[in-house]
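Asker: Spelled out, the chains give:
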Amino acid sequence: MESSQHSVNLVLLKKLAIIALVMFGFAWALVPMYRVICEATGLNQIAVADAAPMQAGAAGAQIEMTFDSMVQAGLPWRVRPLTSHLKVKTGEFIRVDYEITNASDRRMVGQAVPRYLPAAAGEYVKKLDCFCFKQQSFEPGQTKRFPVVFVVDPKMPRDISTITLAYSIFEVPGQGGL
Amino acid sequence: MATVTDTQHAPHSHGKPSGLSRWLTATNHKDIGTLYLWFSFAMFLSGGVMALCIRAELFHPGLQFFQPELFNQFTTLHGLIMVFGAIMPAFTGLANWLLPLMIGAPDMAFARMNNWSFWLLPPAALLLLASFAVPGGAAAAGWTLYAPLSTQMGMGMDMTIFAIHIMGISSIMGSINIIVTILNLRAPGMTLMKMPMFAWATLITAYLIIAVMPVLAGAVTMVLTDRHFGTHFFNAAGGGDPILYQHVFWFFGHPEVYIMALPAFGIISHVIPTFARKPLFGYTSMVYATSSIGILSFMVWAHHMFATGMPATAQLFFMYATMLIAVPTGVKVFNWIATMWEGSMTFETPMLFAIGFIMLFTIGGLSGVTLSVAAVDIALHASYYVVAHFHYVLVAGALFSLFAAIYYWFPKMTGKMYNERLGKVHFWWSLIWFNVTFFPMHFLGLAGMPRRIPDYALQFTTFNEIASVGAFFFGLGQLIFLYNMLVSIRRGEPAPQKPWEGADTLEWQIPTPAPYHSFAEAPELEVAENGAIRAMKGGKHH
Ligand code: HEM
Ligand SMILES: [Cu+2]
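Taken in order, these protein sequences are the chains called A and B. In terms of the UniProt record's numbering, the first sequence opens at residue 1 and continues consecutively. In terms of the UniProt record's numbering, the second sequence opens at residue 1 and continues consecutively.
Chain B on its own, in the form it takes in the complex (with noise of 0.2 Å):
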């Protein structure tokens, strides 16, 4: 066992910025992990108030509190806030917070670099937000923004593309900054393919992000210049083609799923063998996964496109290609049942949402193999099912992954434990209420009841009521999240330095709370896999 405790230095002792100049100013990886860990949380709530506006609206049929113009911005930009302001900015969040804990770093590569990153998210945020408040209100074409809507609507449009041009800067240079600090700043003995998942992860998913936001970058551009500059990229009659949007928009959409779903996986494999007391079963079969989910990634966009009229062999193509994906993440899903079999479980909060996370995300898994077959998907498409597959995918999964990640590594984080009680209420009233919001949906749609449309036929009524009941509670049930930090941060049980038996990655070595000059001077380090310490010499806080 490796015990260095770097007695000399108190945590908090100098170097530390304090007030508003602090955070403005934040370098330090930690600080800025912070920064995008409150601002995803502030953006998960806003797109959480449009959700519920949409439930509120969708628990009768007929037109009850908003008109369908507006009905059609809060679809929208609930989708574009929740991807772009609350799931993406807070797996950067957590990347920033522990990459560098976890593989000996001092910092990221770039400090002041990061600092940008995160310092444009609030601004294309309140962009966001303020465009319900211009003439015409907010961007209302879908959070896909398709042509020739998007080409058509008010100075809302503009905002949004110019907010998404911003956000995709901002995440560009987040993902450089992680993976030259995870290629040129592991320490000593923390090599690539030991490193843990969660590294893995986010390295495959950077990529992926550089890869693929400038392409979205390069769509709302040219949406742009069709609205203000006489082009006609997606205008018919101008000899343009609103269906060339769909192919670039979701030669970017379908990688960016997996960006949403890889550093998900990344935290599934740190929680599941720390509770199971074992290690990840088959990590190396887990790196090549991860790395083939990303490659496939690319060539399966038009899935979503089955129904434009695309020949048979394309859809051929694409279907299989579809269903082709499903056997990387099936290995992934038998890993971690793998790793559960026969361990020494207990079930804290952390890995309640983890096992949660595989059983949902399981059926989301499936319910998309279901839409991959064209045939099907044709009925399907644009339907409350597909609704149903893809919060599957990103509530119970990506979102539940980001609250296993943040109870387990709270301790390290804060020095204080969160309340297990309340950890315990808030994962079994969000499971129970996401499966009342959610299963539903999957009967909507295959009844036929199509999607983003504020007013219904009747016969659909009783599974909305449903699905309107369980979201309301679902979203108070986040207040108890809430409450559960808010009082933890403060008044919560000191933590120790390993709070879980079976944790053995890197960021466990170290002092709780996690020292603000983590590695400043990097450690040596004997690692097995999934980045397990087996002993470390040196390494220096301050």
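Okay, chain A solo, but in the shape it has when bound (with noise of 0.2 Å):
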């Protein structure tokens, strides 16, 4: 092969080579693209508080509320919602409290995550208060109390009457310190 034949080669290897390149940093930038979009579109924002509803107030419908939480397997906390079972109306301004303890003998930091039960209610409930906005930490064996405050959006379709409220916690990792 010519050795100009060579070069032209070469010039048409980097431009290559750098289209491979951009695309191992255009997979980073979708980490903050996906975030762009996520929060232009509010899918995902279940960590920020709602506003009240319009009608809050105007008691509604009945229906029945039941507190869960999970923690999985292996992580060492205690979690438990001071109310298992709540009738509420519509409209209602309700307050209930979970105790989550720290069973380690290390500091740790903790985020808890909704989840709803059926998942159609959960843009119903409508949460102005929670725990779960922001990362808690805990020092070891250390007990703390939070409330939830929520309404349920009058507007929720009528053929949702029982509602599960279940909080996973997880361990937030790098943060606690061993």
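Treat the hints with caution; some may be incorrect.
[What the hints assert, rightly or not] If you want a taste of the chain A side facing chain B, the calculated C-beta under 8 Å gives, among others: (1) Ser7; (2) Leu12; (3) Phe26; (4) Trp28; (5) Leu30; (6) Val31; (7) Met54; (8) Val113; (9) Ala166; (10) Phe170; (11) Glu171.
[Unchecked claim] Chain B residues, not near chain A, derived (Cβ > 12 Å throughout): (12) Thr191; (13) Tyr320; (14) Val327; (15) Gly330; (16) Ser344; (17) Leu482; (18) Ala532.
[What the hints assert, rightly or not] Derived DEER-like restraints, expressed as beta-carbon distance ranges: (19) Arg491/B <-> Gln5/A: 40 to 48 Å; (20) Phe66/B <-> Ser161/A: 40 to 48 Å; (21) Val8/A <-> Leu316/B: 40 to 48 Å.
Simulated from the structure, these hints should not be mistaken for lab results. Even glycine gets a Cβ: it sits at the ideal position worked out from N, Cα and C.
Two chains, two frames, a set of hints: combine them into the complex.
Answerer: Set out below in structure tokens:
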């Protein structure tokens, strides 16, 4: 192969290698892009306070609520809803309390993630205050009590008459310090 | 008719190093192609053994042979090895062997980089296989390596991530070589809109690889830093999101399935015209269909994620975009059928595999369109229906096309004819047992059997038994292929320069077996569509 041909080939090789590098960068750029899209569309915003619905206060349909909690196997949390069942009315301001214990002998930082059953009820349970809005830190063995304040939106479809609200508590790695 | 045979130089006369160093230091595109093909066959066998372990366990409900942990390692490594070890390297091997012959180039553009591309693969394969032996065993998160499973497992996962990095670099270097060769080294007269469909298909595939393998590398690197360096890309508690992993993975993953399909389309576009003795119908539309599949494949990734709770508008977008891909794919299928229409067909083994490909790949395409309906997919996702779908497009698609290619070009590569009778037995055997294995999986999926599980409810027993029996016979049949190859390489009938009457691309214009240094001087060509050679001047081999 003549050398002029070879240098033409090298130019193309470099361009293609740059495309590959740019695409590697693109994979990382997807992380902030994903975040921006989720924020702009309001997807995934389980951990942000909602506004109280317009008709709040005007008592409406009766809903049966169950409060629950889950801890992944191997994590040293103890979580207990102080109220486990409650009959509520849509539009009513409700407060329930959760008690969370760090049952380990080290400082831990936890993050609670709420889940609803049926999932469709999620968008109608408007949380005004919740410990799940931010990471919570615990000293070894410490127990803390947290309120959850919410309103069930009267706009919720009538066919939902029972709602379970369950929290899973995760450990935020690298925050507690061993 | 162009008949330029280089009688001054008997093939094998000089310039070919011997022994092990010929292979370790190989820079000749034919040697490297041969290495790729044997490597991928070895990977095909080891991935196949894992598949048989899976089918043995699933023959009956309950746990027979393997604990669930090991079972999951088998499904994961089976997928990874077949995708990255068998199918992709086999296509790269064919491209290495054939591209320079088809376009009149002396070799691939970067011979030494070519050597690197290949020799990165065996260490990666060893890493994958060795990971079974480390504490915690091999990766067991499925070939998609979804977080958060992949951010939790033992060091087998680290070895898998490293192997993916290596194989990614290998395939990117291989692709750069392919693109530069095709764009810069075509002989005079071999214009882009005349060159063979196989060259077009590998060109577009190579671009896809360069665009998406780095994205996969990025995704698994994030898994790696989540595992060891305290980042939280995919860790919900740390502010990350496991769904993000799926988006990044499938941005790679869907183009990847076309990386395994486009070269197959290219092969079929050679075999069908040859044995129908007619030029390929609609060559230009084939080129445009291939390109538009390549472009569309970037816009449909979330059809793998209909069950993740996407907003309805996004589901609709990905659903319609996915259905749109069926249009250019359909164009190709109709073009192949139109090529056969009123042709004077004969049914040698490559043609049988090509026709088998068209029929079965189309079934896979149809189940794909079924899955693309978001509302339906929510029920079928992660069920055996999906397993049936992708084995129709990958086994009866990619793999059958590879068999067609090997039988078709075997005479040119080795100078010998394969055993036609054994070839036909191999085809019918594979066709029947393939369907016995995978067709019942549609029913299993529709009835609700989930994929990637070692045990299942009793009502799924019969179809699982059928599938397992089919799998073992299918596997056995591949030994017929191996036997045919080994015996024919040594003792096959000598092959003529052009064993197939209807073959008209450039590689059939040179002596058989292809001289070690073909087209040391570029020929001057007069070319019709799909690389058909009308006239050839010059072109020296030695
Ligand atoms: C008309 C063309 C096609 C359509 C509409 C289509 C559609 C789909 C859809 C919607 C899924 C997701 C199913 C689910 O997970 O619930 C899927 C999965 C899959 N498809 Fe296709 N597909 C097509 C062609 C192909 C081709 C050509 C290949 C490869 C050669 C392929 C390989 C795969 C694989 C490997 C998966 C499963 C990935 C996994 O979850 O592990 N498909 N397809
Ligand atoms: Cu896809």
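Asker: Hints broken by the structure, by number, lowest first?
Answerer: When the structure is compared with the hints, numbers 1, 7 and 9 turn out to be violated.
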